[in-house]
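Peer 1: One-letter residues, chain by chain:
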Amino acid sequence: MNTSHATTWGRGFLLKLCLMALVDALGVYAVILAWSRQSWVIAAFLVISLIAANVVYFSRRMTPAKYLLPGLFFLAVYQIFVIAYTGYAAFTNYGDGHNSTKDDAIAAIEANSFQRVPDSAGYPLTVLEKGSDLAFLVTEPDGSAALAAADEPLAPAPEATFTGSKATGLEGYTTLALGDLLQRQSEILALQAPLGEDPSDGVLRTPDGSTAYAYLPVLVYDEAADNFTDTSNGDVYRPSEDGRFVDDSGQALEQGWRVFIGAKNFTSVLTEPSLRGPFWSVLIWTFVFAISSVALSYFLGLALAIVLNHPSVRGRKIYRSLLILPYAFPAFLSVLVWQGIFNPQFGFMNTQVLGGADIQWLTDPWLARLCVIVVNVWMTFPYMFLISTGAIQSLSSDVMEAASIDGAGWFQIFRLIKLPLLLVSTAPLLISSFAMNFNNFNSIYMLTEGGPLKHPTDQAGSTDILISFVYRLAFSGVNKQYGLACAISMMIFVIVATISALSFRRTGSLEEMN
Amino acid sequence: MRTRPTLTALAVLAAGALTLTGCGGSSDTTDPVTDASTPAAESTGSLTIWADVTRYQPVVDAAADFTAATGVEVEVVQRDYSKMQNDFISQAPTGNGPDIIIGGNDWTGKLVQNGVIAPIELGDNAGDYVDVAIEAVSYDGQVYGLPYAVENVGLFRNPALADSTPGTLDELIAKGQQLVDEGKAKYPFMVQQDPTGGDPYHLYPIQSSFGATIFATAADGTVDSSKVAMGGENGARFATYLADLGARGIITPNITADVAKQAFINGEVPYVISGPWNIEDFKAAIPDVAVDTIPSAGGEPSVALASVQAFFVSSYSNNQLAANQFLVNYVGTEDVQLALYEAGQRPPALKAAAESSTITGDPIMKGLAAVGATATPQPNVPAMSAVWTYWGPTQVAIESGTGGDPATVWQEGCDAIDAEIASAS
Amino acid sequence: MTSPAIPAPVTGEPLAWPSGSDTTSPEPRRGPQHWLKVAGWRHLVGLLALVFALFPIVFVLSGSLNPTGSLTSPDALFSVFSGQNYLDLFSDPRYPFADWFRNSMIIGFTTAAGSVFIGACAAYAFSRSRFRGRRAGLLGLILLQMFPQVLAYVAIFLLLMTLTEVFPAIGLDQQLGLIMIYLGGALGTNTYLMYGFFNTIPKEIDESAKIDGASDARIFFTMILRLSLPILIVISLLSFIGTLNDFMIASIVLTTPERQTLAIGLYQYVNVSFSQNWGVFSAGAILSALPVVIIFWFLQRYIVSGLTSGAVKG
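Chains as they are written, first to last, in the working numbering: chain A, 20 to 533; chain B, 199 to 623; chain C, 28 to 341.
A portion of the hints provided could be inaccurate.
Taking lysine-lysine and the DSS-like style, the derived pairs with C-alpha atoms no more than 25 angstroms apart in a straight line are [unchecked claim]: (1) A/35 / C/64; (2) C/64 / A/336; (3) B/481 / B/382.
Treat the hints as calculated values from the structure; they're not laboratory data.
Could you put together the complete structure from these sequences and hints?
Peer 2: So, in C-alpha cells, the structure goes:
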C-alpha cells in the first residue's frame, strides 16, 4: 500500500509541478510585460492571481479552490469586468455629446471653430525647418514668397528659391521632404502662423502640408479661466456641471464630456413620465413572454426527448439530428424567414396554408404576441430537447422498473416519477432560461421591434418587453444616452436576479440532491 | 493528503527556476518590441481606413496607387456598415480607431457632436463637387467629409410592360392598373416599405411633392432643425393621399424590399422606386431597364433624398496630414472617383467625374442623375435620430389605416418629433 | 424546499433507463398493431415536430438554390435548382467563406473543450466538496449569467483594447482573445447542469476509490468525467453551437475578414444597405448548420448510451 501510494502521488505531483511551473513562467512573463507597458492594474491583477494560484495548488487544503480557480479567473477578467464597467457608466452621462474627456471636448471645439478668412486664397506651401523649429514658406497670390512661423507673422521672403512658380526653399532653412512631413505631422498640423501683428488678421494653417489657408478662430479657449469666448459676439461659455460649455443664456457648445452625475440616471428612470404609463402592462407581458417561452419550449423539448428515446423508433438518430437544426441556424436568418412567412399579403402562412386569408399576423397585437412566442419556442426547443435527452440518462432505472412492475402505466410513470425527477435536475436551467428570456432583446427586436404600436407615437408596442422598451427610451431620442441605458441594465439585472434567487430558494433546486 | 515538505520545497524551486528562465527570455524579447512600438504609435505614414463591404475592394485598389506614389501604407479594414458609426464613436477616443472612415453623410452631425471627426479643407476645390454633395457633408458652416458618391432613388421602369412614364403619379398608377386589368402585370406600382419601420427614404419623393419637407430651409440655405416642417396642411394632404394608396393596397407595409425587388425582376410590376444598389440584379433580369424621374403626386416637384458617401478623417488620428493628402489630393481626383465608380456603380460626387462620358453614356446613371439633380441631401443633423424614430412608424400606421384620421395621425407624429428635439436641447 | 409531491431524488446507479436506452436491442418484430402502439405514434409525433422545426428551413434551402431568390415569395419555392450560390460562396475574395468556416470550427471546438473542462472542474468542486459559500457561489454563478448583455460591447472593447496594448496575442482581432472571452462565460448554467449530473453519481464510488489510495484529481479525471460523458457531450455541443452562433461579441473582437467567423461573415451578405444577397447567404447558412448536425449525429450514441452502467460496475 505504501509503495503504490508513493507512485500515484509522485506522478500526479510531478505533473502538477510541471503545470504550475508553466503557469508561473507564463504569469511572471505576463507581469513583466504588463509592468513594462505601465499597465499597473493588469500587473497587480496578475500578481494577485499568480499568488492565489500558487497558494491554492501547493496547499494541502483548499481542494475546492483547486477546481474553481481556472473558471473564476476567466470569470473575473471577462464577466465581472463587464458588469463593473456597466455599473460605472451608469453613474455618468456617457452618450452622444458626452463621448470622452474634457480635454478631448476642448480640442474638438477648437478644431471645429477655425473659419476660413472670407475670400482668402489658398497659399501653395513648403514647410521649412530651422533647428527644430518649423516655418511656413508660402507663395502669395501675386507670386512672391513669404515666410511665417509660430511667433513670426507673415513677412516677405525675397531670397526664396522657386521651383516653377512655387517657392520651395530659403537660405538658412531646410526644406522638409514628404517623409519628414509625415514624421512631424502633429506639429505641422498644430502650427498656427499669424498673418499679422493683430490677432484678428487670422492665422495660417495647413491641413496637408502642401497648401496653407488663412483662418480665424471663432471660439477661443482661455486656459486660465477655463472658458471659451466667441470672438464674433463676445459670448463666454463656461463649463457646467453636466459636462458642457454653457453661456449665460443657457446655450451650450455641442461637444461636451463625460462626468459623474450621481444617481441621476436611476432617478430619471423612476420619474420618467413616458416610462410610468405603459410600465405595468409591459412588465406583465414580459413575464407572460418569458414564462410561456420557457414552459412551452421545455415541455416540447422534453416530450420529444422522451418520445424519441425508445428503441422501437427506427431512424431516431435522424430525427434527433434534424430537430436541433432550428438551434443551429443563425437566429437572425431564421427570424427573417419567419417574418416573410407571416407577411399578410405575400407570406406562406396566408397565401398557401390558409388559402389566401388576410390575417394580420404581426400587426394585430394579440397575434403578434402569439407569433413572438411561437418563433421563440421554435428557436429554443432544441436546446431543451438536447438537455432533456442528456438528463434522461441520469434517471435511475431501479425506480422505473419498480414502478412498471407495480403495474403503473406509461403516463403515470412519466407524471409521477420521471417528470418530477427531471424537474428537480433541470429546475435551475428553467429559472436561468426564464431570466434569459426576460432580457431576450434580440428575439423581440428582430421580429417585431417591439411593435405593433397601437399608435405610432406610443412609447411601448404590444410585444415590447421591459428591456426593449427601456432601451428604446434611452436610444430613440435625438441623443443616445448610454449612461441611462447602463443604469437601466443594472436595475433590470437586480429585478431579474432577485426573482431568480427567490425562485431558487422556493424550488429548493440548489439543495443537496443526496 | 500528505506531501513531503522536501517535495514542496523542490516544487517551489523548480517553479522558480522556470520562472527565471521565463523572465530571462522575456526581457530579451520585450525590450526591442517596446522600443520599436513606441515611436510607431506616434506614427508616420500609415493610414487605417474603415470601409464596408461594398467599398472595401475599390478603396484597396485606389490606396495601392497612393502607396506607390507616396510610400504611405494604407490598411483598409472591412467593417459592418450598420455598426461602423457607433463603433467609431466609441472607439476613436481610445486612440484605437481608424484614421479615416467611409460612411453616409447622415452620420456627419453625430460624428461632429461627439468630437470624433475633423473638418476637411477642400480649399478652392469645393466648387469641383456637385453642390448637393458638399451641402450633404457640411455641418455648422464647416465641411467635414470628402464626398465620393451620390446615391438617390429613381423610378425604375420595365420597358416590356410600360413604354413611358406619365407626368403624374396618379396617371402612372392608372396606367399600371390598366396593365394589371389586362393581365400583363400583377401590381400597378411598388415602393418598398417595412412592416415595423416603414421606409420614409423611398417614400420621400412622393411626400416632398406635397411640399412636406423634413426641415424648413431658409433662403440662405441654412436648415432649421429645431422643428420639422412636415406637418401642417401639406403634411395633411400627403397623409390623406398615402392613406388612400394604402387602402387601395398599392403602398402597404407588407411590400418589403424583398417583395418589391422580386416582383420587378419577375416582370410582375411595371414601375418601382429603387436605387443604384439594385441595378445589377435588375439589369440581369431586364437588360433594357429604364430609369425615369419620379412623377409628382402632390403638384410640386418630387424631390428625392440624396445620400452622399463620404470619407471622414478622425480627429483622434495621428496621421491627419497624410489622411488629408490622401483625400484631398488623391480621392478627390477624377481618375480615382471614376475608378471608385467602376468598382461600386455609385455616381461620383466630383463634377468632372460625374460629367464624364463613362457616366453620361450610361442611360441608367443618366436617369438617376436626372433625379439627383433636384435631390436634397439627407439631413445630417443629430435631430434626425428623433425624426427616424417616429417618421416610419407614422407612415406605417397611415398605410395600414390604423389609428384613425390620417391627417391627425401624421400631425401627432410630427408633434412627437418636435417634442423629442425640444427635450434634447 | 422540496414539495412533498416530488419524491426525493434517488441515489442509485446512474443506469440508463432500460426501456429508453438505445443500446437495448430492438424488440422482436410483432404485428403492425403492436408497431402502431409502440413506435407508430412516436413516428407521428416525430414527423410533426420535424415539420415544425424544418418548415422555415425549407425556405432557406430553396433560397440557397435560387441565384436571384428572395426569402418571402412562397410560390417560387424550389422553382430553380442551381448550385451557383454554393459556388459563389467559395469564389468571392471579399467574403472568404472557407476561412470563416475553418475559424468557426477552430474557435467552436476550442471553446467547447475549454469551457467543458473549466465547468466540469467547478461542478466537481460544488458537487463533492463542502465549503463555506458553496451554495451562495453556485447561486451567484447562475445569477451573473442573467446580466443583460445588450450594452456589453463598450466594456468588452475597452477591455480588449487594454489587453491588446499589453498582450497583443489575446487582444483585438485575435481568435485567442475571443476564445478567452467565451471561457469567461464557462461557469454558469452549464456548470449547474454538470453539477446536477455529478450529484447523481454515488459518492460511494469516490469513497471506495479513495480507500484504494486514489487522489482527488485521479477520481475526477478518470472516474467522474468518464461516468458523466453524456452530459459532457451535451454541454460541449451546446457550447459549440452557442459559439458558432455568437455574433455580438465576435464582431467586436474580430475585424479582419480572414479572421472572422461564420456568424459575422454571413451577416455581411445581408447587411449591405438595400442589396441583400439572400441566395448566397442562405447557402452559407445551410453549410454552417451542417457541422452541428453531423457532429450531433456521431455523438448521439455517447449521449444516449449505457456507457455509464458499464463504468460503474467495472
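Peer 1: Are the Cα atoms of residue 35 of chain A and residue 64 of chain C separated by 25 angstroms or less?
Peer 2: 57 angstroms, violated
Peer 1: Would you check the hint for residue 64 of chain C and residue 336 of chain A, treating anything up to 25 angstroms between C-alpha atoms as holding?
Peer 2: Holds, at about 20 angstroms.
Peer 1: Do the alpha carbons of residue 481 of chain B and residue 382 of chain B lie within 25 angstroms of each other, as the hint requires?
Peer 2: Judged against 25 angstroms, a Cα distance of about 20 angstroms means the pair holds.
Comparing the model with each numbered hint stated earlier shows that hint 1 is the single one that does not hold.
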